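Respectively, the protein sequence lines represent chains A and B.
The opening position of the first sequence corresponds to residue 0 in numbering that gives the first Met the number 0, with each subsequent residue numbered one higher.
The opening position of the second sequence corresponds to residue 0 in numbering that gives the first Met the number 0, with each subsequent residue numbered one higher.
Source of the hints: derived by calculation from the structure; they are not laboratory data.
Since we're looking at a predicted model, the values are computed, not measured.
All C-beta atoms in this analysis are idealised placements derived from N, C-alpha and C, irrespective of residue type, glycine included.
There could be a bad hint or two in this list.
As the list claims (entries may be wrong) - Among the chain B residues that face chain A by a calculated CB cut under 10 Å, a handful are:
1. Met108
2. Ala119
3. Ala120
4. His134
5. Leu144
6. Pro149
7. Thr189
8. His190
9. His219
10. Ala222
11. Tyr225
12. Val227
13. Glu305
14. Cys309
Stated by the list, open to error - Covered stretches of chain B (in silico footprint by chain A; criterion: 3 or more residues with CB under 8 Å from a CB of chain A, positions within the stretch not fixed):
15. 123-133
16. 261-275
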Amino acid sequence: MSERFLLVLAQAGDPAIQALRQLLPQRLAHAGIADLSSSGWRCVVGCPELATAAAGGRLLRAEQIAAVWCRLTTITPQDLTHLHADDRDFTAGEMHAFLRAWLSQFGERVCNQPNSTSLAGPAWLPMRWRWLAARSGIPTAAAANKSLFVASAFRRKAAAAEQIPTLHTSFRLKPEATLDEFLGSEAVTVLVAGHQVLGTRDARLIRYALSLARAVRSTLLTVRFVKQDDWRFVSADPNPPLDGGGAAALVEWAFGSQLQFAAAGAR
Amino acid sequence: MSGTILLWGVSGDPPLMALLAELEARAVPHHFLDQRWMHQAQFDFAADGVNGTLSMAEHDIELADIGALYARPNDLRAVMRQSSDLVADLDTQRSALATERQLYAWAEMTPALVVNRPSAASGNDSKPYQLEQIHAAGFTVPPTLVTTSPQAAREFVAQHGQVVCKSAGRTRSIVSRLEAADLERLDAVTHCPTLLQAYVPGHDWRVHCIGAAIHACEIHCAADDYRVAPEQGMPLEIASAELPKSVAARCRALTRCLGLELAGIDLRRTGDTWFCFEVNPSPLFTYFEQAAGQPLTAAVADLLSEAICCRPN
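In isolation and in its complexed conformation, chain A is listed as follows (with noise of 0.2 Å):
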């Protein structure tokens, strides 16, 4: 078998590109939305072997792909600088769809499946995944918008604050965190990366991420929990930002026991 990649779907500049390239610097291939005006993209319905993409000049046939991560939650006319200005409108929508179909096709290799709301994972409003963390058993933190002096100060702070006291401070502060947690409540951000879930070692912590993540069929995910009286689910993100540890284990989720010599190597 010819040498697979890990194949991420990104803009540039994206620092999780970076935070892989350290770990893979020879299989990691990283397609931009230009790349989507270049020859090589291929979506035969109903074959899904022979999906092809063009990522940076490389040509990758679907067997060559051991997964996608797609950071691009949209495609919109903006990004199409490369076009003429009254293309951007049509080729952005026909990009989106083509995506959406593409990333289906390959399926459990995809670690955020794309969805009716974005093409990296659920782009739900916080109250939506409360909705679901409720069905799922989860006891849920209540919003912080009860009153709307008191969330309009909140962001106020919000916007102000470069982070928040968590005990994994690599995380920015999220709009929709409660009130509690900005306050100063413990709070903590776990990640679940492929088969590792990082950030905490409170089994049932574990346990709520990994039913999160699997209702929303994603690899890669992280949720947020704040203690009050217990632990109560915040908020979650389908397209979080990386760090080493993360991106280890994403890694080593797309590779499998391939990986072990090749990440070994790295790092």
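With chain A fixed as given, assemble chain B onto it according to the hints.
Same frame as chain A, but now just chain B:
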């Protein structure tokens, strides 16, 4: 009867107007959320998807009272552009968009009957994705390629002879067979993924699945795309017809499989083979109602009314 039906869309839209008149005539409780007035609506709902309030200009509706939702929203940005006299400032527009985004979320969460849930309807936003779903559900679909590769496009044309080109996304396109001049421009597919489909000769059928009810009509037309036949000066005849039982059963199964309550299915019969081209989750059923004399508005009203009749108090 308990509860009410919520209709969501833009005033003037023929299916919505027909449904409103039908529900009015039947004295079935209903409300209409007109997107032209979305900026005046307020929406507040709980994470259970059941409790909350939709406040409109004249009244408030308890979400728990809504037993059925008919969702046929247009692109709200386009609606607001057309109603710029109503929604002039950007803050008001942003507020309307935020309210509607909540409505989309609630439409996925509510236990009410939703015709159709946005997530199920969205499959139609990507034709190749929906064709995969249709193929997986057991229908024959025409050979279809989406590509940026001129070579792959040429090979596809060489393999299938007559080929049509259509939009892969939401943009409505007129379907037509590629001609010699088009074939010379195949290098242009490099700029944008382009959908090519083998041309399948035969007779078109439109099938409306509405809950358990099914209404089919046969379309007699020589144009590649019957929807534009009158504009092209070509004769078009749409007549009510009966599907073979096995095909009707497959249409029902496909509709269920796609998570839809209402679907307009485009079929083409070639000999004994029934090809499925597309499933429209938001069909303009009034057009076929007028053309073929089928009681489609009544069938949709039945579906919605039964949902509020059958729900517990």
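Of all the hints given earlier, name the ones this structure violates by number, lowest first.
Of the numbered hints, 9, 10, 11, 12, 13, 14, 16 do not hold.
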